[in-house]
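Kindly produce the complete structure, drawing on both the sequences and the hints.
Here the protein sequences come in this chain order: A and B.
Mind the numbering: the first sequence is residues 675 to 985 in the numbering used here, read in order.
Mind the numbering: the second sequence is residues 675 to 985 in the numbering used here, read in order.
Calculated from the structure, these hints are not laboratory results.
Treat the hints with caution; some may be incorrect.
Since the list can't tell identical chains apart, any single copy or any two copies may satisfy a pair.
[Claimed, not checked] In silico lysine to any residue, SDA-like type, Cα no more than 20 Å apart, as pairs:
#1 693 / 840
#2 779 / 937
#3 779 / 940
#4 693 / 711
#5 890 / 739
#6 761 / 981
#7 689 / 701
#8 693 / 941
#9 689 / 887
There are 2 protein chains.
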Amino acid sequence: MKKDIIKNCSDRISKYIHKTPVLTSSAINNIAKAEVFFKCENFQRAGSYKIRGATNAILQLADEQKFKGVVTHSSGNFAQALSLAGKSVGAKAYIVMPDNAPSVKREAVYGYNGEVIECESTIEAREQTAKKVEDNTGATFIHPSNNTNVIIGQGTATFELLSDYPELDIIITPIGGGGLIAGACLAVQELNPNCKIIGAEPFEVDDAYRSLLSGKIETNTTTHTIADGLRTHLGDKNFPIIKEHVSEIIRVTEDEIINAMRLVWERMKIIIEPSSAVAVAAVLKSSNKFEGKQIGVIISGGNVDLSALPF
Amino acid sequence: MKKDIIKNCSDRISKYIHKTPVLTSSAINNIAKAEVFFKCENFQRAGSYKIRGATNAILQLADEQKFKGVVTHSSGNFAQALSLAGKSVGAKAYIVMPDNAPSVKREAVYGYNGEVIECESTIEAREQTAKKVEDNTGATFIHPSNNTNVIIGQGTATFELLSDYPELDIIITPIGGGGLIAGACLAVQELNPNCKIIGAEPFEVDDAYRSLLSGKIETNTTTHTIADGLRTHLGDKNFPIIKEHVSEIIRVTEDEIINAMRLVWERMKIIIEPSSAVAVAAVLKSSNKFEGKQIGVIISGGNVDLSALPF
Numbered sequence: 675m676k677k678d679i680i681k682n683c684s685d686r687i688s689k690y691i692h693k694t695p696v697l698t699s700s701a702i703n704n705i706a707k708a709e710v711f712f713k714c715e716n717f718q719r720a721g722s723y724k725i726r727g728a729t730n731a732i733l734q735l736a737d738e739q740k741f742k743g744v745v746t747h748s749s750g751n752f753a754q755a756l757s758l759a760g761k762s763v764g765a766k767a768y769i770v771m772p773d774n775a776p777s778v779k780r781e782a783v784y785g786y787n788g789e790v791i792e793c794e795s796t797i798e799a800r801e802q803t804a805k806k807v808e809d810n811t812g813a814t815f816i817h818p819s820n821n822t823n824v825i826i827g828q829g830t831a832t833f834e835l836l837s838d839y840p841e842l843d844i845i846i847t848p849i850g851g852g853g854l855i856a857g858a859c860l861a862v863q864e865l866n867p868n869c870k871i872i873g874a875e876p877f878e879v880d881d882a883y884r885s886l887l888s889g890k891i892e893t894n895t896t897t898h899t900i901a902d903g904l905r906t907h908l909g910d911k912n913f914p915i916i917k918e919h920v921s922e923i924i925r926v927t928e929d930e931i932i933n934a935m936r937l938v939w940e941r942m943k944i945i946i947e948p949s950s951a952v953a954v955a956a957v958l959k960s961s962n963k964f965e966g967k968q969i970g971v972i973i974s975g976g977n978v979d980l981s982a983l984p985f
Numbered sequence: 675m676k677k678d679i680i681k682n683c684s685d686r687i688s689k690y691i692h693k694t695p696v697l698t699s700s701a702i703n704n705i706a707k708a709e710v711f712f713k714c715e716n717f718q719r720a721g722s723y724k725i726r727g728a729t730n731a732i733l734q735l736a737d738e739q740k741f742k743g744v745v746t747h748s749s750g751n752f753a754q755a756l757s758l759a760g761k762s763v764g765a766k767a768y769i770v771m772p773d774n775a776p777s778v779k780r781e782a783v784y785g786y787n788g789e790v791i792e793c794e795s796t797i798e799a800r801e802q803t804a805k806k807v808e809d810n811t812g813a814t815f816i817h818p819s820n821n822t823n824v825i826i827g828q829g830t831a832t833f834e835l836l837s838d839y840p841e842l843d844i845i846i847t848p849i850g851g852g853g854l855i856a857g858a859c860l861a862v863q864e865l866n867p868n869c870k871i872i873g874a875e876p877f878e879v880d881d882a883y884r885s886l887l888s889g890k891i892e893t894n895t896t897t898h899t900i901a902d903g904l905r906t907h908l909g910d911k912n913f914p915i916i917k918e919h920v921s922e923i924i925r926v927t928e929d930e931i932i933n934a935m936r937l938v939w940e941r942m943k944i945i946i947e948p949s950s951a952v953a954v955a956a957v958l959k960s961s962n963k964f965e966g967k968q969i970g971v972i973i974s975g976g977n978v979d980l981s982a983l984p985f
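Structure follows, in structure tokens:
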């Protein structure tokens, strides 16, 4: 790995993203028996850390590629992030989205000047449709998590956190597609290799936990979790990094996720999405193990459907 | 009024309260056609600005009075605030609360070492019970809004906002009992008398609007509003200040309150309570009138029952 790769990325994308605040809560510290530092990517542009990787991936394209645009398949935070990054940097974004995605998600993409291309709700249809857009437009495909420039971009969230709090013992992030935590691993290598990286995952989609055990990328047969951002599995670009640097994956139940989400909303008065609550729940259930530690938690996003809350 | 009275209070209470952040949102600025600066008292200790006035009122007591404690009647934010202020400063707090108040409210008071005294749910029973506690314990009665030291304390929220943004054209606060807005009037007199003070009130409890018209304190016969902090009426200590300095009161519908609350939750990812959304709604519905202005909005608190949301 090249020297300062995350630092250079952080400089590159800085004018397109927010430097998000780090918040603490004495109420939560008391429960966790630790000092917890929340890196609030819920306050990030487009409501999640995904804008970091999306922006970096687009900025790394040649001008001719930017002109032809970018394409991805996502109905989640990466759809909005790539659209907004494209708008900021000046690249058309094509977003392949299943035709049963909620209209609010389509509208969010339109709001950032992205173009939605609908397809059937199967992984095959999504991939084929994205391929078709690539062929027809010359747009460059950007995977939401299994793309090296995306991974490096996501690492800047941890880079900022560790720059502000260099003495952290542990950083905990949720694991979905693996982009966020792989980026965290790279950032820790650059700034403080003694800091442990721990992943947090719902029991219901514990593919990353099983992947670390088996040594190969495992998938989920069902995805019955409220943490909609974490239903995907790892990829060949991020898994080697995760395998080398992630020391542990803590699994949490659906009740633990909902309770952690509620606790943060009630005590910190900030809106975090279920995927972020997974990381908070992992801290709360490990209070004996982490007693007295300084723990950084990446609050990955705050995009929640207020019409469908679990409480 | 003495010189620097709010400034001195701000210094006095500073170690017992948070200096809350001021947030902005480009999405909301676009809708409001103005620059809006949100003073986030939802992040304040005990979840609302009320700790400011409660702390100041207790700090102004003689040691012997502090020793005997303080008493108030409230089932809302002032109950928690006076309990926590008492705990911080070292004064017992007795909180008279109707016996039908939700148990979560009693527990919040207990959590701050306050003592709850239950009474029937009528204003007479509340006042009589508080009087009985005064007589039995020697505790000093502190009214939630109609007390000069409380009013001065609440003024420090606006004082901090204007210290950070001295050029504001307008400050908007919700009006309930009148303590917050009267304090805002005093702060503006000290820092920038050209800044207008505007109140925001639900149509359903527009007693302050009617009081400014009639020139005397009006009350509400019904209180069918979601903004539970604003169901009370003005008092003889704050009404003269309000009458002199408040230039206008904007009334909003229940739908406007709920929509504003939802907009702030969704776009800013922060939890604000319905009473605060009243002030936001007043800004949003006045976009033609306020075009291009710099507007400060006091986000009064973030204490919401997540089990009973309006969306």
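Failing hints, ascending? 5, 6 and 9
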